[in-house]
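Using the sequences and the accompanying hints, generate a full structural model.
If you read the sequences in order, they're chains L, E and D.
Going from the first sequence to this note's numbering is simple: count from 1 and add 8.
Going from the second sequence to this note's numbering is simple: count from 1 and add 216.
Going from the third sequence to this note's numbering is simple: count from 1 and add 101.
Source of the hints: derived by calculation from the structure; they are not laboratory data.
Using N, Cα and C, we set each Cβ at its ideal position, and we do this for glycine too.
Errors might be hidden in some of the hints.
As the list claims (entries may be wrong) - Which bits of chain D does chain E cover? Going by a derived footprint, with three or more residues having C-beta under 8 angstroms, they are:
#1 117 to 128
#2 139 to 151
#3 175 to 181
The primary structure of each chain is shown beneath.
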Amino acid sequence: MTRAHYLEASGVRPVKADPRGVLAGTHYLDGDFACGEGAMAAGCRFVAGYPITPSTEVVERIGRRFPTVGGIFIQMEDELASMAAVVGGSWTGTKCMTVTSGPGFSLMMENIGLAAMMETPVVVVDVQRAGPSTGLPTMVGQGDMMQARWGSHGDYGVIALSPRSPQEAFDLTIDAFNLAELYRVPVLLMMDECVGHMTEKVVIPPADQIEVVPRRLTKLSPAEYRPYRAGESLVPEMIRAGDGYRFHTTGLTHDERGYPAMTIETQQVLVRRLVDKLRLNADKIIRVEEDQTAGADVVVVSYGITSRVAQLGVELARQQGAKVGTLRLVVCWPFPEARIRELARGIKAFVVPEINFGQMSLEVERCAAGQAATIGVPHAGGGVHDPEEVCRAILGAAR
Amino acid sequence: MSPLIQLGTTETPEHPITPYIRMDRMPHIWCPTCGIGTVLKCYGTALGRSKLDLDKVSVVSGIGCTGRVAGYVKMDSFHSTHGRALPFATGLKLGRPELNVTVFSGDGDLIGIGGNHFIHAARRNMDLLVILVNNFIYGMTGGQNAPTTPLGARSSTMPLGNFERPFNLPHLAATCGAAYVARWTSMHTAQMTRTFTEALKRKGFRFIEVIAPCSTLYARLNKLGTGLDLMTYYRDNFEIKNKADTRELDLDFQSKIICGKFVDEERPTFLEAMEAHYRDALGDKYVPMPPEGGMLHGQD
Amino acid sequence: MKPIEGIEHEPQSKVPDVERVPVPDGELCIIPDWCKGCGFCVEFCPRHVLVSSEAFNRKGYHPPKVVNPESCKNCDLCEMICPDFAIFTVGVPEAVPDEESGGAK
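See the structure below:
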């Protein structure tokens, strides 16, 4: 089994998964259930959530299985409480997750910012539905992608992944937990309702074949340790409540001791490091899947369920002689700027179908910097694209 | 009081609060005649008397003047977001059940923006000690009306006087299911310390309201003098009525303050109820969260 | 890339000056620089041991001054009520006050 690129690049030695949380075998699961299983396999043992369609099944699965796995699930009174609880829970060394959809995602934003500021590893699953506002609760959307990056106020970095299938919902949830541990950031699993409610084969390997990054605690003594002193990796070592470190952490701008230090100088140092933590490590995190991009005239950039729909559009276009490649975003944030810039030099256009009015396409356009055209194929939501429409866009772009 | 080292020794005696407070951050930021420091002193003293393992005590605050308490205690402490100290503390407690978690915050933070979390944490009898400093106003942001501001009192957002009925906090807590409910003023240092000491060793949702002076805003906007004048008013206008009916504990502007311990019951906490229930439903298949918490230890 | 330079805002303050006044059962200690002149100790001391001094501390407040040391009984009210941790007593260690008797000896 090859080690995942981000694990290899981090230099951190993973451990084997706790078998108690691994439902090894071949299953027929929907994306929501597979995500719950992924969390348990990754070692998540505290989940606080609030019901919201189409994500509820994730916590329903967890609620049923957690008591046999050593975890605690609590349905909190709202999404704000859920997010606050998982940030608090993570400071006990326990891996934590919460689950929601658009309206709940909006409510969670302040505490996602708290997690980013306190540098708390936590996973937030957004099973996207059509918005804005209450929108179409049971129908697909992909309209939260920019919100994932910029949803909380101020400057910070996040990692976001987008699964295309229930199998990936399982696999990428484990990756989400691992990335959260490596970089001490909130990691967002941007699913969509189609993948969440689609039932497919999911193979769960035995625990000893699943690589998991455990919560790593400092080996320094309480006297030497500084909660926010980072080395070259830009990621400080972590501790947990109850081990005698007597630390303080705050959402206020803080110094290395974690004490509030509201000066311009501290702000410069701290916020720069929060942003650089992901910006400068982006190449270790970015993951895309490419097909036939070499020599292509057009490259279709997509993610989640749309990548599967687009695949048919691509094949239809290829049948008509178009030289088209695909680039699927597995990790959406950090965005693969360098690769897009590189591809832009050699192709005519990017085609970006998304179930929104253009969000990731803005990133593509920015990075293409005019060297190649960016043609969005928007969709207001509620359903997936017609592959013919994607094909037409490709053929139009190729001309 | 500090134990005697030796009279006449050249070694400087330490303030007895030293084991509980980050002395490297003194003097603190609270205003002259603010009552929060007094409440903090009593909490630290109570921690010492309770003989709890301080490594396992965690303190969570929200935002506001009282919210700054977390930054001054020498335990693992968390200055979280406005109104969300209770769910944050819930996560700490459930993630590592052996922790002894105190939530220390103000009336605006816990009852205004945090109101929803307050009623649910009390309802669940979540095992948390909640110390609410009630100064009847939003102090940090400049003196706005709070859900506890008495009728007629002025604030920056009700400059002609408050016309909204305020909460009766002990009644709210008791009605929602708190297992332990008490109220003191910051004048009642001995009783408050005794209550804190007792409550630290109880389980369940323990709620202690402490009425404290805010001189810079509440007193000034209502022409009540300084914090010293408010303390004098507390001293001359209180009545201790343990086990009083919480419905009688409303506070009017500069009215009599009824203090005491009103509720002290033993009831299953959230965790106890959960574990009993799952043991019943699942038998040997139930795997409880260990007291040390859910951190994954290496499988290698 | 070199490690980030450490930032410690307001680094650890030195131990503050403590004024020590002998009283019958030990000492009464005042930390003048932490006092904010609230007047609680002066007003509420049951034995009128303290007054506000004429002197200013570093921040311009008038810290308390002991005028009646022989009346001090180490009751600790000043220590408990001071919001700024600026006054405390040092005494003969009798039985530590248990929960029933509250803060007073």
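For each hint, the structure was consulted:
Counting residues of the segment 117 to 128 of chain D whose C-beta lies closer than 8 angstroms to any C-beta of chain E gives 6; at least three are required, and the coverage claim holds. Coverage of the segment 139 to 151 of chain D by chain E holds. Counting CB-CB distances below 8 angstroms, 5 residues qualify, and the rule asks for three or more. Counting residues of the segment 175 to 181 of chain D whose C-beta sits closer than 8 angstroms to any C-beta of chain E gives 5, which meets the bar of three, so the coverage hint holds.
Violated hints are absent here; each numbered hint is respected by the structure.
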